[in-house]
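Q: Listed below are the residues making up each chain.
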Amino acid sequence: NAGVTQTPKFQVLKTGQSMTLQCAQDMNHEYMSWYRQDPGMGLRLIHYSVGAGITDQGEVPNGYNVSRSTTEDFPLRLLSAAPSQTSVYFCASRDGASTYEQYFGPGTRLTVT
Amino acid sequence: AQKVTQAQTEISVVEKEDVTLDCVYETRDTTYYLFWYKQPPSGELVFLIRRNSFDEQNEISGRYSWNFQKSTSSFNFTITASQVVDSAVYFCALTRGAAGNKLTFGGGTRVLVKP
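Just so you know, the protein sequences line up as chains A and B, in that order. Residue 64 is where the first sequence starts when you use my numbering, and the numbers rise one by one after that. Residue 15 is where the second sequence starts when you use my numbering, and the numbers rise one by one after that.
Take these hints with a grain of salt, some might be off.
What the hints assert, rightly or not - What follows is a list of derived Cβ distance ranges for each label pair:
| # | chain 1 | residue 1 | chain 2 | residue 2 | range |
| --- | --- | --- | --- | --- | --- |
| 1 | A | T176 | B | T44 | 45 to 51 Å |
| 2 | B | G57 | A | S132 | 26 to 32 Å |
| 3 | A | T78 | B | F68 | 46 to 52 Å |
| 4 | A | A145 | B | A21 | 29 to 35 Å |
| 5 | B | K30 | A | S81 | 47 to 53 Å |
As the list claims (entries may be wrong) - Calculated from the model, a selection of chain A residues having no Cβ within reach of chain B, i.e. all distances over 10 Å:
| # | residue |
| --- | --- |
| 6 | T78 |
| 7 | G79 |
| 8 | L106 |
| 9 | V123 |
| 10 | S130 |
| 11 | R131 |
| 12 | S143 |
| 13 | A145 |
| 14 | G170 |
As the list claims (entries may be wrong) - Result set (DSS-like, lysine-lysine): computed pairs, CA atoms no more than 30 Å apart in a straight line:
| # | chain 1 | residue 1 | chain 2 | residue 2 |
| --- | --- | --- | --- | --- |
| 15 | B | K84 | B | K128 |
| 16 | A | K72 | B | K52 |
| 17 | A | K72 | B | K116 |
| 18 | B | K52 | B | K116 |
| 19 | B | K116 | B | K84 |
| 20 | B | K30 | B | K116 |
The hints are simulated quantities; they were obtained by calculation from the structure and are not laboratory data. Here a beta-carbon is modelled for each residue, glycine too, at the ideal position from N, C-alpha and C.
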């Protein structure tokens, strides 16, 4: 199993550009989430999904869109990038049937200039 | 609303010293789960432990131990005989029992172990 994979690893955007951060998991997990990590603030939940076709907002959803058309994929879209979205983004997945442990991807470091 | 506070932002120790990381949480739920994650310099998040609100037994895993005290809403983590490889940022996190995909993280404690 590859676990949770994220692409790209690094990205630089100009203000106003849009892009999609990719996240995929091969563990057949129902639950998937996106977090952002900023210095001194830990990780904060952006959006999450409890299954294909179902998504909901987390703590800091503004400026981001998600969709979940398959169990495996959970892309995060930045509609119009802003410098405040400079952060490290982590995707996570969890098996809803057994444990509450979340498995995290390696992260995407995004810089918006 | 839930909240996790890690008051220590950075701790520096010399190898072989013990180090204790504090975690204090707030929640109105009676069923919840607490976690510790390690983030080494390479950046990935490594799961260390999960504890549910009904299990107040302390746990030891090798050089790691955890002390869960519901009466003080604390879930502290101790590294015994620290090693340079323990240098990392450690996060405490909390989730509601019925919505376990929504983790609330503390701000993290950076541990620097000097040889």
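Q: Determine for every hint whether it applies to the structure shown.
A: Structure-based check of all given hints:
1. T176(A) to T44(B): 45 to 51 Å: holds, 47 Å
2. G57(B) to S132(A): 26 to 32 Å: holds, 29 Å
3. T78(A) to F68(B): 46 to 52 Å: Distance hint for T78(A), F68(B) holds at roughly 49 Å.
4. A145(A) to A21(B): 29 to 35 Å: holds, 31 Å
5. K30(B) to S81(A): 47 to 53 Å: holds, 51 Å
6. T78: holds, 25 Å
7. G79: Given a closest Cβ separation of 28 Å, the condition holds.
8. L106: It is violated; L106(A) is separated from chain B by about 5 Å at its closest Cβ, not greater than 10 Å.
9. V123: For V123(A), whose nearest Cβ neighbour in chain B is about 12 Å away, the distance exceeds 10 Å, so it holds.
10. S130: holds, 17 Å
11. R131: holds, 12 Å
12. S143: holds, 26 Å
13. A145: holds, 23 Å
14. G170: violated, 6 Å
15. K84(B) to K128(B): violated, 33 Å
16. K72(A) to K52(B): Roughly 20 Å between the alpha carbons, so the hint for K72(A) and K52(B) holds.
17. K72(A) to K116(B): holds, 24 Å
18. K52(B) to K116(B): Holds. K52(B) to K116(B) sits at ~18 Å (cutoff 30 Å).
19. K116(B) to K84(B): holds, 21 Å
20. K30(B) to K116(B): violated, 36 Å
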